[in-house]
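J.: Required output: the full structure, derived from the provided sequences and hints.
The chain contents come next:
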Amino acid sequence: MAYVAARGGEAAIQYAEQLHQALNGPLTAERVQLIAQLLPYLVDRVMGEGSLYAPELAALALAQTGGDLYEAVLLLRAYRSTQPRLAYAEPVAQDQIYTVRRISAAFKAIPGGQILGPTLDYSHRLLRLDLLDGAGAAGRVQPVTGSDQRVADTEHAAAADPAQATALDPSLPAVADWQRAMGLLEPLPDTPPPDPATLPDLTREPLSFPAPRAHRLQSLARADTGGTLALGYASMRGYGLVHPTVNELRLGYADVVLRHPITGASFSAGRVRVSQCEVVDTQVSSLRLGYTATLGWNEVKVIAGAMLDLEMDAPTPHPAHREEFVLYHTEAVEASGFCIHYKLPHYVTFQSGLDALRGVRDQGGEVPGDR
Amino acid sequence: MDHSELLSTLSRAPAAAVKTFAEHLLPALEPVEVLRNRTGLAMLPLRETAQGATFYLGEVLLAEAQVRAAGAEGYAACLGRDLEQALALALIDAAHRAGVAGPAIIAFAQHQAAALAAAEQALMRDVGQTRVDLETF
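From first to last, the protein sequence lines are chains A and B.
Here the first sequence is numbered in numbering that gives the first Met the number 0, starting from 0 and rising by one per residue.
Here the second sequence is numbered in numbering that gives the first Met the number 0, starting from 0 and rising by one per residue.
Hints are computed from structural coordinates only; laboratory data are not their basis.
Since the model is a prediction, treat every value here as computed from it, not as a measurement.
Think of the CB as a built atom: it goes at the ideal place given N, C-alpha and C, for glycine as much as any other residue.
Among these hints, one or two may not hold up.
[To be verified] In silico EDC-like pairs for lysine to aspartate or glutamate, Cα to Cα no more than 16 angstroms straight-line:
no., chain 1, residue 1, chain 2, residue 2
1, A, K107, B, E134
2, A, K107, B, D132
3, B, K18, B, D81
4, A, K342, A, E70
5, B, K18, B, E83
[As the list claims (entries may be wrong)] Listed below are several chain A residues computed to face chain B (Cβ distance under 7 angstroms; list not exhaustive):
no., residue
6, A53
7, P83
8, A86
9, L115
10, G116
11, A173
12, Q217
13, V255
14, L257
15, H259
16, P260
17, A264
18, S265
19, S267
20, E277
T.: Take a look at the structure:
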């Protein structure tokens with residue numbers, strides 16, 4: 000495929016950009032702050048796929064693009080490329096995550112308990128039309144005043160007065176550690192912690208196959224949510240070979256721990272939202288885990304990604320079982336970029352195709368593909 | 000409160016409060032030499048639980064500053080791109096290391112730590128109420 004430069008239409012391009020902005024409303028700092036405050040999961044998705052934790056900039060990217068996710072992710076990735084890498088943080092361990100949601104579909108009674116945290120999983124999917132009609136919105140968590148007597152009598156007695164409730168310990172142990180202690184999972188390799196600066200890094204080296212596990216998980220962490228879901232769902236529906244269970248799904252905050260360059264003291268520069276999921280496969284002689292984590296809170300992506308992590312080791316030709324297919328085609332910026340490049344002028348290549356077609360017809364030949 | 004706790008607390012404290020406090024310290028720190036004050040990225044690794052591999056979860060935008068003041072060097076980094084916040088944090092760090100306004104710095108940090116702890120306690124009380132004991136029939 001050959002490309003040629005095209006010129007012209009500078010004024011039209013400027014007007015097109017102005018029209019885009021005019022139809023999407025004014026671009027103001029207040030609007031950006033509102034997006035960051037009111038749409039945290041959308042901001043998380045942009046940061047996760049943009050592979051850059053910067054809520055203010057992700058909100059700005061959404062405001063600038065009118066909410067076009069792929070354009071917003073591209074803006075964030077482009078900004079990232081202008082910034083120097085200052086440091087490598089200390090690796091985050093699961094039991095160090097300040098956890099606000101941790102559930103398991105495999106075991107009821109997990110150490111630390113099932114913590115629903117902030118979720119709409121068990122809520123009615125009904126539009127709150129009353130809000131449009133002027134009813135006030137609920138803000139902070141309100142005491143539960145339902146008629147379920149068991150709630151009042153048992154573990155949630157403090158629900159009537161949240162100020163008296165016991166604060167949960169946010170350092171919840173890993174379900175997998177508990178399973179390993181019971182001999183249900185293979186022990187983790189006893190290797191010294193790696194130097195954080197020497198890990199395989201997709202931003203500085205190409206993806207090759209079979210991918211190092213660090214590349215696979217980094218690729219899934221920044222993968223397109225829709226693409227990951229599509230391939231994961233294909234696998235879940237029946238194209239896959241496994242039918243795993245969510246071993247652990249966790250949302251929380253991870254400290255970004257750096258070293259003071261003068262004193263060497265380690266300190267947290269702040270916390271970032273992270274999500275991670277393990278799925279467990281029981282259809283083998285011993286339990287196997289699949290895993291995915293991402294920046295921000297994005298449950299669909301980490302569940303689908305964890306399933307693909309299991310599937311990508313399967314020796315079958317289905318696309319969802321091939322690491323190369325999954326990792327290449329869930330790369331949000333490359334995929335969306337290639338898709339939208341088809342909008343750009345292809346006049347020369349198309350004309351070339353037309354010339355070939357006319358030539359064949361002039362010679363009375365059959366054009367390949369004609370029926 | 001040790002150095003790590005001090006830095007961790009102040010990095011998460013409200014930027015406006017940190018800047019105001021650093022302004023009060025400035026007269027005792029002059030002249031100040033700013034060695035670096037810039038935005039950049041920290042790569043965040045995570046150790047996964049399936050096979051124990053460590054991988055890069057993604058990068059985090061930081062503002063960092065390093066200053067020399069009152070005969071000591073101070074450094075700080077905080078999330079985001081607020082260079083003034085990073086500079087204020089680095090000034091507080093330099094003052095702390097130089098022994099300037101030590102009690103005031105500790106008192107300020109303890110006040111901020113208490114506020115952060117109170118917010119965390121409130122959050123985890125709310126989270127605690129979402130704990131479920133599931134029954135199967």
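J.: Now tell me if each hint is right for this structure.
T.: For each hint, the structure was consulted:
1. K107/A <-> E134/B: holds, 8 angstroms
2. K107/A <-> D132/B: holds, 8 angstroms
3. K18/B <-> D81/B: Distance ~11 angstroms between K18/B and D81/B Cα, so the pair holds.
4. K342/A <-> E70/A: holds, 15 angstroms
5. K18/B <-> E83/B: holds, 7 angstroms
6. A53: The hint holds - A53/A has a Cβ within 7 angstroms of chain B, the shortest such distance being about 4 angstroms.
7. P83: holds, 5 angstroms
8. A86: holds, 4 angstroms
9. L115: holds, 4 angstroms
10. G116: Because about 5 angstroms separates G116/A from the closest Cβ in chain B, which is inside the 7 angstroms limit, the hint holds.
11. A173: It holds, given that the least Cβ distance between A173/A and chain B is near 5 angstroms, below 7 angstroms.
12. Q217: holds, 5 angstroms
13. V255: holds, 5 angstroms
14. L257: Since chain B brings a Cβ to about 6 angstroms from L257/A, closer than 7 angstroms, the hint holds.
15. H259: Hint holds; H259/A Cβ to chain B Cβ min 6 angstroms, cut 7 angstroms.
16. P260: Holds, about 6 angstroms.
17. A264: holds, 4 angstroms
18. S265: S265/A check passes; min Cβ-Cβ to chain B is 6 angstroms, inside 7 angstroms.
19. S267: OK, holds: S267/A within 7 angstroms of chain B, min 4 angstroms.
20. E277: holds, 6 angstroms
Every hint from the earlier list agrees with this structure, and none is contradicted.
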